[in-house]
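Novice: Sequence order for the protein chains is A and B. Its first residue numbered 0, the first sequence is counted upward by one per residue in numbering that gives the first Met the number 0. Its first residue numbered 0, the second sequence is counted upward by one per residue in numbering that gives the first Met the number 0.
Among the hints, erroneous ones may be present.
Claimed, not checked - Covered, in the sense of this in silico footprint (three residues per stretch, anywhere, with C-beta under 8 Å from a C-beta of chain B), are these stretches of chain A: (1) 182-194; (2) 198-204.
Stated by the list, open to error - Within a straight-line C-alpha distance of at most 27 Å, the following computed DSSO-like cross-link-like pairs (lysine-lysine) qualify: (3) A:Lys112 / B:Lys73; (4) B:Lys59 / B:Lys46; (5) A:Lys47 / A:Lys15; (6) A:Lys77 / B:Lys10; (7) B:Lys77 / B:Lys1; (8) B:Lys25 / A:Lys198; (9) A:Lys192 / B:Lys59.
Calculated directly from the structure, the hints in this document are not laboratory data. Beta carbons: idealized from backbone N, C-alpha and C, even for Gly.
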Amino acid sequence: MALYKIADVIFDINTKYNYTHALCKNYLYKGEESAEYSFSITDEMIKKEKELAPTFPDFYLESLAVFRVICEYLLDNKQGIIFHSSAVAVDNEAYLFAAPSGTGKSTHARYWKELLGDKLSFINDDKPIIRYVDGEFYVYGTPWNGKHHLDTNCKVKIKAICALLRAEKPFVEKANVSDMLNVILNQTLRPNKEEQIDKLFDLIEKLLYNVALYKLGCNLSIDSAKIAYKTLSGGKNED
Amino acid sequence: MKIKSGFILRKVADSYVVVAVGNRVKDFNGVINLNATGAFLWQLLEKGISEEDLTKKFLKEYDVDKEILEQDLKVFLKKIREAGLTEE
Numbered sequence: 000m001a002l003y004k005i006a007d008v009i010f011d012i013n014t015k016y017n018y019t020h021a022l023c024k025n026y027l028y029k030g031e032e033s034a035e036y037s038f039s040i041t042d043e044m045i046k047k048e049k050e051l052a053p054t055f056p057d058f059y060l061e062s063l064a065v066f067r068v069i070c071e072y073l074l075d076n077k078q079g080i081i082f083h084s085s086a087v088a089v090d091n092e093a094y095l096f097a098a099p100s101g102t103g104k105s106t107h108a109r110y111w112k113e114l115l116g117d118k119l120s121f122i123n124d125d126k127p128i129i130r131y132v133d134g135e136f137y138v139y140g141t142p143w144n145g146k147h148h149l150d151t152n153c154k155v156k157i158k159a160i161c162a163l164l165r166a167e168k169p170f171v172e173k174a175n176v177s178d179m180l181n182v183i184l185n186q187t188l189r190p191n192k193e194e195q196i197d198k199l200f201d202l203i204e205k206l207l208y209n210v211a212l213y214k215l216g217c218n219l220s221i222d223s224a225k226i227a228y229k230t231l232s233g234g235k236n237e238d
Numbered sequence: 000m001k002i003k004s005g006f007i008l009r010k011v012a013d014s015y016v017v018v019a020v021g022n023r024v025k026d027f028n029g030v031i032n033l034n035a036t037g038a039f040l041w042q043l044l045e046k047g048i049s050e051e052d053l054t055k056k057f058l059k060e061y062d063v064d065k066e067i068l069e070q071d072l073k074v075f076l077k078k079i080r081e082a083g084l085t086e087e
């Protein structure tokens, strides 16, 4: 039995392959509490993942199945959702960068790192989890951390969510709720059951009205990070 | 004409959106945005309805010219048919 604490929930994860356990090692739970939710991955669940991503090996697909179970549990019980994005923390406030794959989320996050150095930590570069806790939205690191393997096992209050787009000249502007709705919907996992859709939509609606929303025009230079950070942080300079 | 199963229409943050759930996600992973009239049509199409009845119901609800409606409706229905959202 191996217990992991992910997004403040203790899971007992049972798998056929060791890969998931290696992946989750920074989230190993060694405390006294027992698991809140215990589950095993079946061949059937791996088969389902294979239908969506036929080229990946079973041990990897199993880790995706684990992630899916965790996300469904969080949505059902914990007001939690996966939000496909690159999430960083500065001064204990989180900024989330969302965009279709290939737009440059990770690249933009790296420019922030270059700009802010040790003041910045990567929460998760690919699949952080968002939870609504006591009237506030928080982002959590997860072991599913993207191709650059950047994540921190932490919980940080969300300051802003940004939709990234490519632009020749970098810019920052406030985004409205209807602009951001599709961006956010496209970055979450579609639930299996109809009743979960209402939970998902309810959370997304709360999220849209509770955090600052921006559009960031980014080019491939550190200037986009400079302009973005200054506006988003409320006028702070990088040093 | 009828919307296939697995598509769900909801109002979120004052916008109408349609997404797929369950196995339907394999065919459609995006988001459809509808305005209020689009949502009205969608709800009727979810239950299955002929083009003629759809026109009638719409005219009962909205004060529009029948000919213009029929033209617009054709465009709307063609769009959702071509997107593979319907069964006959």
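Novice: Take the hints in turn and mark each one as holding or not.
Specialist: Evaluated hints:
1. 182-194: holds (count 7)
2. 198-204: holds (count 3)
3. A:Lys112 / B:Lys73: 52 Å, violated
4. B:Lys59 / B:Lys46: 18 Å, holds
5. A:Lys47 / A:Lys15: Within the cut-off at roughly 16 Å; holds.
6. A:Lys77 / B:Lys10: Holds. Lys77 (chain A) to Lys10 (chain B) sits at ~22 Å (cutoff 27 Å).
7. B:Lys77 / B:Lys1: 13 Å, holds
8. B:Lys25 / A:Lys198: 21 Å, holds
9. A:Lys192 / B:Lys59: 34 Å, violated
When the structure is compared with the earlier hints, violations turn up for hints 3 and 9 and for no others.
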